[in-house]
Every structure is written in structure tokens, then in C-alpha cells.
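So the protein lines, in turn, are chains A and B.
If you read the first sequence in the working numbering, its first letter stands for residue 1, the second for the next number, and so on.
If you read the second sequence in the working numbering, its first letter stands for residue 1001, the second for the next number, and so on.
The set of hints was computed from the structure by calculation and includes no laboratory data.
Watch out, some of these pointers could steer you wrong.
The list that follows gives simulated cross-link-like pairs (lysine-lysine, PhoX-like), each with its CA atoms no further than 25 angstroms apart [to be verified]:
1) A/Lys340 <-> B/Lys1286
2) B/Lys1301 <-> A/Lys340
3) B/Lys1220 <-> A/Lys340
4) B/Lys1285 <-> B/Lys1063
5) B/Lys1063 <-> B/Lys1286
6) B/Lys1311 <-> B/Lys1301
A few chain A residues that don't get close to chain B, going by computed Cβ distances all over 10 angstroms [to be verified]:
7) Ala42
8) Leu125
9) Gly179
10) Gly184
11) Leu335
12) Gln447
13) Ala624
14) Arg664
Cβ atoms here follow ideal geometry from the backbone N, Cα and C, with glycine treated the same way.
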Amino acid sequence: MELLSYLLEALTPINLLLALAGVVAGTIIGSMPGLSATMAVAVLVPFTYTMAPASGLIMLGAIYTGAIYGGAFAAILVNTPGTPSAIATTFDGFPMAKRGEGALAITLATVASVVGGLVGGISLLLLAPPLAEVALAFGPAEYFWLAIFGLTLISALSVGNTIKGLIGACIGLLLSVVGVAVVGGDIRYTFDSQALLGGIDITSAIIGLYCIPVLIDLVATKDPHITMQSVDQRSHLREAFRFALGRKLNMLRSSVIGTIVGILPGAGGSIAGLVAYTEARRASRHPERFGKGEPDGLIATESANNATVGGGFIPTLVLGIPGTPPDAIILGALLVQGIKIGPTLFTAQGDVVYTFIYGLLIATLLMLPAGLLLGRYAFKSISKTPKTLLVPTVAFLTVIGSFAIHSNAHDTLMMCILGVAAWILNRFGFAPSPIVLGLVLGQIAEQGFVQTYLIGNAQGAIFDTFFGRPISLGIIICAALALFYPLIAEHLKRRKDRKEKGAIDVLTEAKQANTSCRSSAAIGFAALFIATGVGAYVETQDMSAMGAVFPGTIAVIMVVLAVILAFQQLRLPRGQKVSVEGHELDAPRESNIRRILAVVVLGAWAVLLPVLGFCVSSLLAFIALTANATFERPSKKEIVVNLLSAVVIVGGFYLLMTEVLLIRMPESLFF
Amino acid sequence: MFSNNLKKVIASIAATAALTVTPFTNSASADDYPSKPVNYIIPFNAGGESDLSARFQQASFEKIAGVPTVIQYMAGAGGAVAWSQLNGMPNDGYTIMGINIPHTILQPLQKDVGYQTDDLTPVHYFHYTPDAIFVPVDSRFTNLNDLIEYAKQNPAMVTFSGSGSNSSNNIAQVRLDEMAGITTTYIPFSGTGPAITAVLGSQVMAGFNYATSGSNYGDKLRMLAVASDERLPAFPEVPTFKELGFDLVGGAYRGVAVPASTPEAIKRQVSDIVSNINADPEFKKKMEEGGFVLTDITYDKMDEFIAAKKKEYGAAAEKLGIVAKK
């Protein structure tokens, strides 16, 4: 068979080596929040000009797939998605790590990623030309409904707290419209600041919203970050495989979702993960366990996001429409090599394309050994690193990540501000995930909505354009199911519980105890959100109709939700002094002074970065945070070790950024 | 977050790369320029025409200049994030930036974007991508006349996808509407990629895009007319708007800029390098096959060129009402 001869070509030692090197490099880069596959691929493109086309492509593809997988490490171990496609991995991965199953979580993520990558890759190998048509069948209306489908996950994520979840989503959606609008060209909510013209960068916002709260709470106590099981020397591979085999339906469904969403140029890994997560939760017999460390959620996200890699190459290679930024760079590399993209590519230049696809599949398989090894290292080092070094290192990674995206210190400052806001909001029951979902899906939703409206208006059939298309209808039904299913399920469960009055578990009781008293803080927040919504609405008066419709609608929804929240609270009886909802108050050892100090150091870091220089400011902040996370009087030896570690870590990453990833540093006093 | 072994590996990779890739020199003298890799900042995301043409240049850069160039991306606010910071960047000729017209003329007219057109120092405009009308290959429109006739009978029914609001595509659509006495609906997308996908999938009736799309999707799309002075070598069968009786010539012009304070001698040298790349037969072949139209607007011709374009797009902007209400 002709196809198989290309397999042999992909198996040459040099191609194997490139695939392995690519996977390892990609996994490491992907595991660090903010260092993205796009960066690594962009830097390496010129080197591929001198390589054989297939070899160059194999390396780029391997880096890309490795990076998507590597994003799971940080998601599981420090609750921060290393890449946006791992957002939903944090939902269950981090709770698993916290209760001591971090190693198992990483192994499961590896197995799921390999399976997802294989499904996506095999679809690319066998079905690329027909599947590429999917990309064309999706118009603005379908993208709009897909984004809405993604948003419905909020209802599942915030059961018992739906109003707050929805308000969070509104915050995220409003944040997503900041800057120059693609549709209409208005500048919105920049408060005349040029720093906000470019909008709020999604990656740095995600880092801030998820990671900064973890950091702030990390310095408050001397407890270890994640618990490690006592007998943890054994490999989890067999257990993970057995577990994964039992979930093969979930894995397969999620991989197919990932492949299909990957084919859609405007969607990408984050949406694939979220959609697969929603579907897994809906199909599960224990939806209530999702978000509390349910392995099924982890498997769904990780198989889906790695399936998008193969899926994304389908429109890239068949139609020349890149699905993701790394796809776009690889497409550019192909064009520079003089390779003509299009359906004929698979016949005319089959040697290059099929060798590349096999290379991608081999790289995916190599993720298993490489990932397990790296994963063990990552897990062990995270769980063994003393807090004095873990805190500044994680903080340093958040600063690197937010800065590196655009070589811009504004993004770092925004990351810190959003992070602190997220910490405060989280303490009062507003979880960060709905905000992130709103931010990620906002632009897709808005552009899809306005474009659909314009097209429908031109044809005099607005209703039909929104609701009359078969794929749209399918997505709308899925979205409706996802939205109402958790509410109905909860309702049924509550009725059942009421029947068996005796058996109320401690958790629901605690929840009821907390929500049954009036919280003046919640009323305060409701007032704040009403004011924000009204302010946001007033601002839309100066915008064009195209630019105003989306933020205007969101602002109105936000005001309505905030009013409902306020009424809910006012109806409750005045309670005792339980002001902090849903948060453990039984921890007198928590140090708020350390928390405030950590925030101050982070803020100073972001502000001084462009003044003092990246390396100098980072070194100072690193040492300050080490001191802030030190709970016992350190010996002289410990001080020396910590100082040396600070120099090595800051210096190492500085070199990695400036010399390997070629990230531009700000012009400053020092370096 | 990694073990110490891994950290060592990373550090040693970094150190080796530092030694081999970048021999560190600090001189900004014009005599030995260029003597180290040149950073080439693209103010957009990867994958667009600006990125692609820079990648084509990159492939020939080392041959011409003797040193490689490194492409970096600094996307945001349609390029304004990068352009507003250009003059604060190192002025030794080792930082150069892609620059676009009409973007750098229209943006400061519309709003305060942190720079004025005259603050920027382009040293060479090396090509433009003419606007062109595309329809899916199975469309009922076989030529421009079909489309205009249909639009006359069905006002506002014809939908054009294009890259962004108030962009070159948008201006071309409004100009054609005016010249032909028709009303069409412009649907802005977040870039050429999504805009052309909408045409391919028949989500819109037609697209006002750049001619470059014709080389990538040639067999799936039909190009009805192109806004260049003469027919393009890559598409000899596609008529120009001029031939069809509409005086519509325009598109996106792309060049290379440096910080304003860069020494004159180095500005000229950068301009020469770009000129020489333009003359490289390999580069020329790839660009023309791709539907790009090479231009040779060197540093000494720049003032005249910018003045002419400012007048042209300034008038267009005023007519379209996209000048800022201050």
C-alpha cells in the first residue's frame, strides 16, 4: 500500500529524533503558562527552511501537539492552564491533585491526550478532504450558537449558585469587548488609555484569574500545596489504563468532539475542551462529582484538546484555512517552501503530507513515554519543592507568561489586577471560571451575532438566519439540554432528598446554612454590579449600532441579574456574622498580612518591570516573595540556598526567553 | 516547576544558543551594519498577508544582508499597539517593523491611537495586495456585471465579506457602491482567513478580499475583478476594475519602518536591503505567484508617496464619515 510506504519515511532516525525532541520541547513550553506553542513554532520556522519539508513539518507538529498536552501539567498541579485549551482541565485536575491524586491525574491526562491525538491524527490521515467541508458549513450563526453552547457550561459549573455564575459570565463578556472592535471598528471601554486599545489579552487574563488567587492563598499558611500519597513510588500507568479503558466511550466521544471543533477555524482547543467537558458531564451518571475531582472531566478535556491538533490541520492542509495560530505559522512555512495548499496537495505532494501526518502520529505516541517521565518529574518537583521556592517560582511564571505574549508589561499589570479581583470575588462566591468562559467566548459570540444579524437583515430573514439552519438547530438543542439538564437534575435530586429527609449529606446542609442568612457583602456586590452595568450601558450611547448591540445587551442582563441577586439576599433573614460565604472560617492560622504583602510585591513587580528591567525586577521580587513564604527562621545555609536558587531560576528563564524564544525585553535602566 | 536536572538542561540549551546564535555586539555604526540578526516585528498575528510576505522576505534575507532576520509578532488594535511603541524601540537598525497603508493613515484619523501618521518612519514600501471581488465557484455571478445588475435590482441584498471595519476592503466596497450606484452590505470579519472562509462556504454572496486569496483557493473561488492598474501575472484572465469602467485601484500597502531616531545612513541601508530582496528572482517569483504586486518605493521616494496616500485615503475617510468626532 502506498500509504504505508510513507510510514517508513516518517520512521527514519532523523525524523524520529525530531519528533521526540519536538514533543519534549513542546511539553515543557506548554506546561509553563504563557509560553505558547505559537512562540516556539514561530521561532523554529526559519530552521525548517533548510530542512527537508517533511522533517521540518514533523518537528513543528510535534512541538504543537506536545504543547497542547503540556498545558495539563500546570492545570493539574497549580490550577493554571498552561495553555488556554487546558482551561477545563483545572476543574477536576486540581481538585484531584489537592486530595493526593496528582500523579494519577497526570497519567490519566497523558493517556487521554495520546488517545485524543491519535483520533485527530487518524481522521487527518484518512478523512481529511471530506471533513474539511465541515469548516465551510459553519457560518456566523453556527459560531454564535457554538459560543452560546460553551457559555451554557456555566449553568453546570455553578449549580446552587447560578445567579453568581451568570453575573461572572457577564463580567467576562464585558471584559472581552474592551479595545478596538473587529466589527464596527469602535473603541470600547478603554477609558482613553492606549494600554487598553489592544483589549485584554485572554492568556494573561486566564493566568491572573486562576493562578494569582492560588498564590495569594499559598502564602497564607504553611501547609503543603498539594498532598502526596504516602505510597507514591509505584507507576500509575496500569491503573490509569484500566481506568481509561472503562471510560472508552467518554474518551472516544470527547476525541470526536475535539476533532470536529478543531476543524472549525474560529474555535480551537479551549472550546473543544469545554464542549467535551459539558457533554461528559451531561452523559455521566454522577454529574454532581464534576468540578470536585472527577477523572471523567479530566479525560474529556484532555482527549478533546489534543484531538484538535489533527483536526486543525484538516482545513489548514485541504483548504489553506488555518484553524489556530500555530497552524497559521505552519501554513506560512509550507507556502515559503513552495508547497501548494489545496485538495490536490494530498495527491500531488503526498510524500510530504503523508510523511508529515505519520510523523504527527508518531509524535503523539511518543507523548506517552516522554509525558509520563516529564509528568513524574513535574509532579515530584511541585510536591517536594518547599513553599519558600514554590511561591516565587509560580509567581515568576505568571509574570513571564503574561509578559511574553506581547512583550508588554501592561499585560502583566492587567494579569495582577484581574488576579486580585478574582481572589476577592471568589471569596464571596463568584468563581473565576464563568468570567474566563465569558472572556474566551465573548468575541466569537459577538462577531457571530453581529455578522448573522447583518446577513439576515440583508436578506430580510433575520429569524431564519439565526434559527433556520440545521447545524444551528442541532447546537441550540445541545445548548438547551446542557443549560437545563443540571437544573432539572438538581430539582429532581432535591425532591428525592426531601422524601428521604434523614439522609441529607453534610455538604448540602453546610451550603444551606450558608445561604440561608442575608449577606451584606453580596448586597454590596449586587450594587456594584448594577452600577457597572448601568455605566457600561451608558457608554454604548457613543458607539455605532454594530458596536453597541452586544455590550448593551450584556449590560442590561447584568443589571437584571444583579437586581435578582439583591432581592434574593433581601428576602433572607438577617443572619449572624457569617459574612464570608462558602469559605472555611475555621482557619485562624491564615495570615492576611502575608497575603497583602504578596499582592503588594506582585503589583510592584508589574509596575517596576519596564523601569528596572525584567531580570533585575524579577530577582528582587523573587527574593521578596521567598521571604514572604518563609515561616520559620531560616538557617544561614537555607538563606544561601534560596538566594542561589533565585539567581539560577531567574537567570535561567531570562536566558530561555531572550536567547532561545527571542522575546523582546523592555528598554529599561538595567536588564 | 521542573526538577533541577531539567532546569540544567534548559539553562545549557539557553547558554549554547546564546553563544552560537547571537554574537553580542553593541555597536550601532553604519559601517558594519548589519552584523547580527535583525528583529523584524510584525504588528499582526501570524498567518495574514503581512506575516506571509515577511516570511518570504525572511527566506531571502540572509542571502542579501549576510545576517538572518527574526520574525516576532506584536498584535493588537489592528497594528496600533506595535506602531505606537515603535519610536521607543532601539534605533540601531536591528529592530525593524512591518508597516501598512491604509492602516497607519486611517487609524490616527479615527481616534487617538498613540501615534500620528507622520510619527512613523517607513523606509521602504515593498508591495501591495490589490482588493479583489471573489465569489464561490458555483455562484450565479460569472462576471462583475452580473453582480452589479443583481445588486441594482435587489438593493442591500448582496453581502460582501471582508477583513475588518474601515479597512481597505471596506473602503473598496463603499467606493464601488458609489461608482456603480448600488447598495451592498459589508460584513466585517476578523481577518482575511475568516472572511474568505465565509465566501468558500457560501455564507455570504461574495467577498471583497485581497487578490492573494486567488492563489490559495484558485479552484474553489472565482475572482471577478481586481483593483490593480494592470492585470496580475498570476491571474491573467481576471480583468481589472479599470478595464470594466470603474476607477478603483487600491489595496493594502506593506512596508518596513524603523524608529524615527535611527541614523539616516542605517535607514538607507535597511531600504537598500528591502530593495535588493525585491530584486531577488526567487522572492519575486514566490510573491507574484501569490498574487502580491511588488512596488519599489524606497526611502527617498517615501515623502511623496505618503503625501499622495494621505490625500487619497483622507478624502475617502471623510466621505465615509469615519473621521473621529472630536
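Closest CB of chain B to the CB of A/Gln447 still more than 10 angstroms away: violated, 6 angstroms
Is the Cβ of A/Gly184 more than 10 angstroms away from each Cβ in chain B? violated, 5 angstroms
Would the hint linking B/Lys1220 and A/Lys340 be met if the CA-CA limit is 25 angstroms? holds, 14 angstroms
With a cut-off of 25 angstroms on the C-alpha distance, tell me whether A/Lys340 and B/Lys1286 pass. holds, 11 angstroms
Say whether it holds or is violated: A/Arg664 keeps its Cβ farther than 10 angstroms from all Cβ of chain B. Check fails; 6 angstroms does not lie beyond 10 angstroms.
Distance restraint between B/Lys1301 and A/Lys340, which requires alpha-carbon spacing of 25 angstroms or less: violated, 35 angstroms
A/Ala42 remote from chain B - nearest C-beta pair above 10 angstroms: Answer for A/Ala42: violated, closest chain B Cβ roughly 6 angstroms.
Beyond 10 angstroms from every chain B Cβ: check whether that's true for A/Ala624. holds, 19 angstroms
Are B/Lys1285 and B/Lys1063 close enough, with their CA atoms no more than 25 angstroms apart? holds, 16 angstroms
Taking the closest pair, is the beta carbon of A/Gly179 still more than 10 angstroms from chain B? At about 6 angstroms from chain B, A/Gly179 fails to clear the 10 angstroms cut-off, so the statement is violated.
Hinted pair B/Lys1311 and B/Lys1301, Cα distance within 25 angstroms: holds, 16 angstroms
Within 25 angstroms, alpha carbon to alpha carbon, are B/Lys1063 and B/Lys1286? holds, 16 angstroms
Of the hints listed earlier, those the structure fails to meet are numbers 2, 7, 9, 10, 11, 12 and 14, in rising order.
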